[in-house]
Structure formats: C-alpha cells, structure tokens
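Peer 1: Now for the letters of each chain:
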Amino acid sequence: MKSGKPRRLDAEATRSLRKEFLEHVKELPDGEKVMECIQCGTCSATCPSASRMDYSPRAIVAALRAGDLEHVLESDSVWLCASCYGCTVRCPAGIPFTDMMYELKRLAMARGLLPRARQASVMAGTFAETVNRLGRNNEVALIRKYYLRTNPFAAMGQMGFALRMMKRGRLELSSHRIKGIEGLVKMLSTVEQEGAK
Amino acid sequence: MRRYGYFPGCSLMVTNRAYSISATRVARELGVELAEVSDWNCCGATAYLALSEAKAFVMSARNLALAEAEGHDTLVAACSGCYVVLRKTGKYLDEKPAVRSRVTKALAAGDMTYNRTVKVRHLLDVLVNDCGEEGVRARVKKPLEGLKVAAYYGCQVGRPFGEADDPEFPVTMDRLMGWLGATTVDFPVRAACCGGLTMTTEPDLGMEMTGRILRVARERGADCIATACPLCQINLEAYQDKIGRKLGTDLRMPVVYFTQLMGRAFGLSSQEVMAQDSLTDVSAVLA
Ligand code: SF4
Ligand code: SF4
Ligand code: SF4
Ligand code: SF4
Numbered sequence: 013m014k015s016g017k018p019r020r021l022d023a024e025a026t027r028s029l030r031k032e033f034l035e036h037v038k039e040l041p042d043g044e045k046v047m048e049c050i051q052c053g054t055c056s057a058t059c060p061s062a063s064r065m066d067y068s069p070r071a072i073v074a075a076l077r078a079g080d081l082e083h084v085l086e087s088d089s090v091w092l093c094a095s096c097y098g099c100t101v102r103c104p105a106g107i108p109f110t111d112m113m114y115e116l117k118r119l120a121m122a123r124g125l126l127p128r129a130r131q132a133s134v135m136a137g138t139f140a141e142t143v144n145r146l147g148r149n150n151e152v153a154l155i156r157k158y159y160l161r162t163n164p165f166a167a168m169g170q171m172g173f174a175l176r177m178m179k180r181g182r183l184e185l186s187s188h189r190i191k192g193i194e195g196l197v198k199m200l201s202t203v204e205q206e207g208a209k
Numbered sequence: 156m157r158r159y160g161y162f163p164g165c166s167l168m169v170t171n172r173a174y175s176i177s178a179t180r181v182a183r184e185l186g187v188e189l190a191e192v193s194d195w196n197c198c199g200a201t202a203y204l205a206l207s208e209a210k211a212f213v214m215s216a217r218n219l220a221l222a223e224a225e226g227h228d229t230l231v232a233a234c235s236g237c238y239v240v241l242r243k244t245g246k247y248l249d250e251k252p253a254v255r256s257r258v259t260k261a262l263a264a265g266d267m268t269y270n271r272t273v274k275v276r277h278l279l280d281v282l283v284n285d286c287g288e289e290g291v292r293a294r295v296k297k298p299l300e301g302l303k304v305a306a307y308y309g310c311q312v313g314r315p316f317g318e319a320d321d322p323e324f325p326v327t328m329d330r331l332m333g334w335l336g337a338t339t340v341d342f343p344v345r346a347a348c349c350g351g352l353t354m355t356t357e358p359d360l361g362m363e364m365t366g367r368i369l370r371v372a373r374e375r376g377a378d379c380i381a382t383a384c385p386l387c388q389i390n391l392e393a394y395q396d397k398i399g400r401k402l403g404t405d406l407r408m409p410v411v412y413f414t415q416l417m418g419r420a421f422g423l424s425s426q427e428v429m430a431q432d433s434l435t436d437v438s439a440v441l442a
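Taken in order, these protein sequences are the chains called L and V.
Mapping the first sequence onto the numbering used here, position 109 (from 1) lands on 121, and the numbers just tick up by one.
Mapping the second sequence onto the numbering used here, position 106 (from 1) lands on 261, and the numbers just tick up by one.
Calculated from the structure, these hints are not laboratory results.
Source: prediction; values computed, not measured.
Built from N, CA and C at the ideal position, the CB exists for glycine as well.
Treat each hint with caution, since some may be false.
As the list claims (entries may be wrong) - Computed Cβ-Cβ distance ranges for the label pairs, DEER-style:
| no. | chain 1 | residue 1 | chain 2 | residue 2 | range |
| --- | --- | --- | --- | --- | --- |
| 1 | V | Ala190 | L | Gln51 | 47 to 53 Å |
| 2 | L | Lys45 | V | Arg183 | 42 to 48 Å |
| 3 | L | Lys179 | V | Gly301 | 27 to 33 Å |
| 4 | V | Asp359 | L | Met47 | 32 to 38 Å |
| 5 | L | Asp22 | V | Asp249 | 54 to 60 Å |
Said to hold, decoys possible - Chain V is nowhere near these chain L residues, computed Cβ spacing over 10 Å in every case:
| no. | residue |
| --- | --- |
| 6 | Ala23 |
| 7 | Ala25 |
| 8 | Glu44 |
| 9 | Cys52 |
| 10 | Ala57 |
| 11 | His83 |
| 12 | Ser87 |
As the list claims (entries may be wrong) - Under the rule of at most 20 Å between Cα atoms (straight-line distance), these lysine to any residue pairs were calculated in the SDA-like manner:
| no. | chain 1 | residue 1 | chain 2 | residue 2 |
| --- | --- | --- | --- | --- |
| 13 | L | Lys38 | V | Pro252 |
| 14 | V | Lys401 | L | Arg64 |
| 15 | V | Lys251 | L | Ile50 |
| 16 | L | Lys191 | V | Met168 |
| 17 | L | Lys45 | V | Lys246 |
| 18 | V | Lys274 | V | Arg255 |
| 19 | L | Lys179 | V | Asp396 |
| 20 | V | Lys246 | L | Gly106 |
| 21 | L | Lys179 | V | Val169 |
| 22 | L | Lys38 | V | Gly245 |
| 23 | L | Lys191 | V | Asp359 |
| 24 | L | Lys179 | V | Ile176 |
| 25 | V | Lys251 | L | His36 |
| 26 | V | Lys251 | L | Gly106 |
| 27 | L | Lys38 | V | Ala253 |
So that you can see chain V by itself, here it is in the shape it has in the complex:
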C-alpha cells in the first residue's frame, strides 16, 4: 500500500463528497491509501488570497506542517483551487525569505513548525502517473467501451508552473480514459477557465464561460464531461438549464468526476461511486 497525505478541502466534505468518496475508493483499488491529514483547515483559496496574501500563506502552511508532522512527504489535493494555493505557498516559502520568516513566526504562535519537506500534488497526477498504465489496466473489470468522454481539466491543473501536466494542453486524463476503455473527444476547451466564482459575482460572464464548455462538449458528440475539480464540476452541472435558457439552446450534458468513471470501470456499483449525488442525468454513463 502506497500512502499519501490527503487534503480533501472544504467543498469535498458534503457538497462534493461524491468526488472524495469515489477517489478514496478507487485509490484503494489501486493500492493507494489517501490518508486524510487530521484537523486540516481551509487552504485559504482564491477568495482569502484576495484579502490577505500573508494570511492565505499561513493557512496553507499550517496544512503543510500537519502533513509533515504525520510523516508524509506528499500532500495530495483533489480540488484544483486548493492545489494551486498549497503549491504556491510551498514555492514562496522556498524562494522568498521574507515570506518564510513571517510564516515561521506565525506558525510558532500556534506551536507549530514546518521544515519544507512536503510536496503538493494533484489527485489526477498521482492516480495516473504513480499508478501508471499497467497498474490501472490491471484493475479494469468492466471497460467503458463505446463511451465518449470530454476530458475537462479546468484551468488550474497544469498551471501556473506546468509541473503536473502541460499548462495549455493537458493530456493526463485523456490517457487515463483510454486505459479505462473509453475514448475521448477532441476537446479544444479542455483547459479553458469555467469562470470560477464569477458565476456568483458576475453571472453574465460566468454563464458565458461555462456555457461555451458545455456547448463544445455537445458539438463534439461527447456522452459526458469528466472533471477533476469540485468547482469546475459545480459550475458545469448546476447551471446547465439556466445557461441553456439564456442562450436559447439545449446544453444538457452529464458531468461526472474522473474518479467516478474509474470506479465504474473497476466494477464498483453506481452507488459506490455516488452517482445518486449527481445533478445531471448520469444514468447512461454511471449505470
């Protein structure tokens, strides 16, 4: 059993638990334990970063320190927002002495230390690159034959430093889908931004951005969109009808987590991969 520190992030606790539950489950099938770091706090994310960068770094650093104290050298994030913020914190701590001393002092106020030994990685990266083609293929019991997937990475998986995948043209999930027996459609908006929080703060803009991704997926004949981030997932699944009405076209499309597709290919039941939580009609995809 390979063991990694796991950072689920707030939105995976209830709202998007389908992602976390399916991820933990398929990881186990692959001989990987995602050990949730105990008492983790919110990573500080996009919105906190906008208020106070120093505080966002401290929040992320506390999580890195917790992972380190539990003996992990890798912290796996499932949410792309968390991934980028945790990673960025690690980079700043390495490269900027001023940030390092400020964060060290703050952590000390809560009796914690961090020695910069933890690497932050995205769940998609870990499951695909560490388990590898053979490891994944060996687990496939019910290949997803005939399923056409639009692999949607969202904007942060390969960004901004391009370590996990190409920042402009990520391919990790496409490869994975092939191992599962599915095919992926040509999907030029694979790394386009869905608009993120602008769906709430600037709905016209958010709907335009998310609408484009749904439209292209339909045009390319995809049976579903697969995502690797709870925020991408929510934007794509929750507003289809609303955006469709606004744009005067049908944009309905099943949206699932890549881990749910893995689970189905591994022979898990649709309940086990939490299909019942979906807001879109996933019966044809996860049945």
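Looking at chain L on its own, in the form it has when it is part of the complex:
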C-alpha cells in the first residue's frame, strides 16, 4: 500500500488512465451506456454522500466524457461513496454508476493517487490482507490493524465500544482459517498472473 501526498499525472499518464477506465467500464454489464448520460443529475440528487463530494456523481460522468478523470481521482469524492446503489437504481439511462465508482477506486489505488480520504483505501487493503491469510475476515484483527495504520489515537475512542462488545462475548478473539485456504490462494494468484483488475 503506497501512502503519502497525492501524485500529479502527466499528459501521457492521463491518456492511459482514461483509456484503461473506458476499457474496464465496457466490461461491466451495461457499462457502455455511460456515453448515454443526459446529465439529468438524478444520481447526484439521490446520492447520500453528494453534499460532501467535490465532484458529485453527475459531475464525475461529465468529467469522464471530457477526458478529465485525474481531478476526480485526486479529490476524495470516490471514497465517500457508500455503495448504496441508489444512483444505479434511478439512472434513467441505465448507467451502473456504483460499479463505475468501484472502478475509479481501483484506478486510484493502482496508481498510488491517494486522495485526502486515504482511510478508505487503507481499510480495503487491510481487509484484503486478512482475507488472503484466513479466507475469512476477522473484524477485530481488521479494526486493530486499520487504526494502527491510520490513527492509533482514534482506537482509544473505540475502547468503550470494544468493552461493551467484549462483555457480551461478541469480540472474535481467535481467527478461523478455512480448510481450503491453499486452493483459494492459488485461485487468487491465477487471477493476479493474468493481470486482471
């Protein structure tokens, strides 16, 4: 996981970014419909996070068509998406915008373009590490590592919560590793070797 200040992209990198994004979007069911956006703003009106985004969902589609994705990726907009599928359900043009947000998150991480809300990417990376090791997620391990990497002091604020959970026996203190973990790791590395996103 790369960290640090956002990196700027040069012109060449910008072109390849847009090309890669469009290629991936075409792989999504209904992905090609992105060019049919009528800029109605329904997605932005629906989005519970839009008020905090520099680039609202509608603006992100516009920026994409104008070939200007780098500003979007350097802002924290995509990290504020809670994946509620509201935009996807309501878009009159049938554009699967939630899936596009996922694609943008992946591009931002792959390029180390870490925006202000880098926490979300740390969370995703921490989650994946745990799962690669066990085949399952362990919430205690996840949260502990996550706070160590982002803000150890914030973990103190969670102490009350942890204690209440502990009292009820709801903290998962040991980790369960699935039997088929070797097979799963082989499957995942096969995907990796193919370079698929």
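Dock chain V with the ligands against chain L, hints included.
Peer 2: Just chain V with the ligands, lined up with the frame of chain L:
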C-alpha cells in the same frame, strides 16, 4: 423440510451471531433447514471489490461452487453486503464471457468447477415469500400485539436489480410484521443507506446518515427498529449515544433483527433469540 444452502458471512460468526442463531432457529420452526455450506470463504464484499473486482468474483464464485457441489440450487445470504456481491457475481458469470472464462480458470487452479446453477437469495425474501402468510401465521403463538416496529431494510435488499423487493420502497418486512401481530410505522427512510463503512472511514458522514434513521424512527413513535443485515444493525445499535451527543438529542432506540421478532412471536425465549447480545435496551421488545 425444505433445504437451502446457507451462507452466514464472516460477521455472523461471532460479532452478529444473534442474527444467525435466531435465523436458523425460526427457519426450523417454519420447516426450513438452512444448511451452512461447508468451508465457505469471505464473499469478497465491498472492501475487496474496491481492490480487485476479478478477485472478488473468484471469492464469491468459490462459494457458489461449494453450494452447487453440495447439491443446492439456492444459496441464502443473511448479510445484505454478501447478498449483493454473491448475486452480482452470478450475474456477471451469466452475462460476461470474459469474466466467466477468467473465473473458470481461477477455480480450476484450486480444482473446482462451477456450472452456474445456483440462485442467490436474501434470507428475508426466503423466509417471507417461500414460507408465506399462512405458513408464518400458523407458527405464531404469542402475537406481538401493540408493538410498533420501524422496518428498516437498508439500502441493498432490493438493489440494484430489484429482484427480492422494490428497490425504492421495499415492503416484505412490513408484511411479515403484520403476520406476527405487530404494526409497522410509516418509515420513509426504510431503504436509506446507513453509511456503511463510512462510519469508520468518514465518521462525520456516517453519523449523519445513521443519525437520520434513528431520529425518524423516534419521531414516528416506533418501539424498535428491525433490521435484516448485520452491518445495518451494528451501525444503528453501536453508535446511538455518540451520535446523540454530537447532534445534541436523545437517539436511543432498541435495534433488533427481524428474525428475533419472529422468534419471540413463535414463542421462543429471549435467550433463544439471543437478546442478551444486544447493545441496546431490548427488554421491552424481546422480553
Ligand atoms: S442519473 Fe444517469 S443520466 Fe442522469 S446524470 Fe446521473 S449518470 Fe447521467
Ligand atoms: S452508490 Fe455511491 S455514488 Fe451512488 S448514490 Fe450511493 S453513495 Fe452515491
Ligand atoms: S461481506 Fe462481510 S460478512 Fe459478508 S463474507 Fe465478507 S466480510 Fe464476511
Ligand atoms: S444500510 Fe448500510 S449497512 Fe445496510 S446495506 Fe446499506 S450500507 Fe450496508
């Protein structure tokens, strides 16, 4: 006994075991066996999806393959996050040959195959629609008379394809509560997003979203909120005091799983429906 493949999902193992235990129990009362698929792995969920879509699909596909190998044609997910990811994987495998061949190859590396015969469904959908009004009413021993429930579906039950219920205005749980003898309050935020993981990554945003749901439930005079997803449940039950302090208003409200209410109406004890695990004061609701 009707039998379904069951995918509990990681967060139901310990943290939210109350949901899984009550669900398995009430299903049995209804003549439904939720047979846990053996050696399932994490579905790949929201966070993994953000790193690598191809890997998330492989993780979900392994679970579908396990269910298929055990002879199930349906895989029931209790967590809405798992439900959406498992379902989406099935859809991509059907519709996108490129995804299908990549996933097939990956599964083969672990000596597995998947022939796309498994349908993914949400627990709420199965218990309500397959057991039906008569089946459920026949089991009710102690109707939940006088109980006013805010039926909260969260954002994913009907989304994104609207197969299990209406994506904008789901009604399944409201109907169920009626069969149990309870009433549901008018609850316009029934399908609003609680903020999900933003509670951890963007707390201000998460608290605003979850706070609104709690506030509306109180304003509408609900005795409790019923949920159908462990993530919705945690956000709504664990941060009430914190959000209340931030917004300067009392947001306390019992939050329970819909399966716990079913269990109580079926005459199970409050221990049997795991009331003791609640972070909110559920004594008046599950007593
Ligand atoms: S709702 Fe759809 S058509 Fe309307 S602006 Fe958003 S993406 Fe474009
Ligand atoms: S899926 Fe993301 S972008 Fe779409 S409405 Fe929900 S939060 Fe906004
Ligand atoms: S989405 Fe969450 S609960 Fe479901 S399998 Fe993955 S980590 Fe577990
Ligand atoms: S309401 Fe929240 S926890 Fe529930 S499904 Fe939506 S984002 Fe996930």
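Peer 1: Work down the list of hints and note, for each, if the structure agrees.
Peer 2: These are the hints, each one checked on the structure:
| no. | hint | verdict |
| --- | --- | --- |
| 1 | V/Ala190 <-> L/Gln51: 47 to 53 Å | 49 Å, holds |
| 2 | L/Lys45 <-> V/Arg183: 42 to 48 Å | 45 Å, holds |
| 3 | L/Lys179 <-> V/Gly301: 27 to 33 Å | 31 Å, holds |
| 4 | V/Asp359 <-> L/Met47: 32 to 38 Å | 35 Å, holds |
| 5 | L/Asp22 <-> V/Asp249: 54 to 60 Å | 40 Å, violated |
| 6 | Ala23 | 27 Å, holds |
| 7 | Ala25 | 21 Å, holds |
| 8 | Glu44 | 12 Å, holds |
| 9 | Cys52 | 17 Å, holds |
| 10 | Ala57 | 13 Å, holds |
| 11 | His83 | 20 Å, holds |
| 12 | Ser87 | 14 Å, holds |
| 13 | L/Lys38 <-> V/Pro252 | 13 Å, holds |
| 14 | V/Lys401 <-> L/Arg64 | 18 Å, holds |
| 15 | V/Lys251 <-> L/Ile50 | 26 Å, violated |
| 16 | L/Lys191 <-> V/Met168 | 16 Å, holds |
| 17 | L/Lys45 <-> V/Lys246 | 18 Å, holds |
| 18 | V/Lys274 <-> V/Arg255 | 16 Å, holds |
| 19 | L/Lys179 <-> V/Asp396 | 18 Å, holds |
| 20 | V/Lys246 <-> L/Gly106 | 16 Å, holds |
| 21 | L/Lys179 <-> V/Val169 | 13 Å, holds |
| 22 | L/Lys38 <-> V/Gly245 | 18 Å, holds |
| 23 | L/Lys191 <-> V/Asp359 | 40 Å, violated |
| 24 | L/Lys179 <-> V/Ile176 | 19 Å, holds |
| 25 | V/Lys251 <-> L/His36 | 12 Å, holds |
| 26 | V/Lys251 <-> L/Gly106 | 17 Å, holds |
| 27 | L/Lys38 <-> V/Ala253 | 11 Å, holds |
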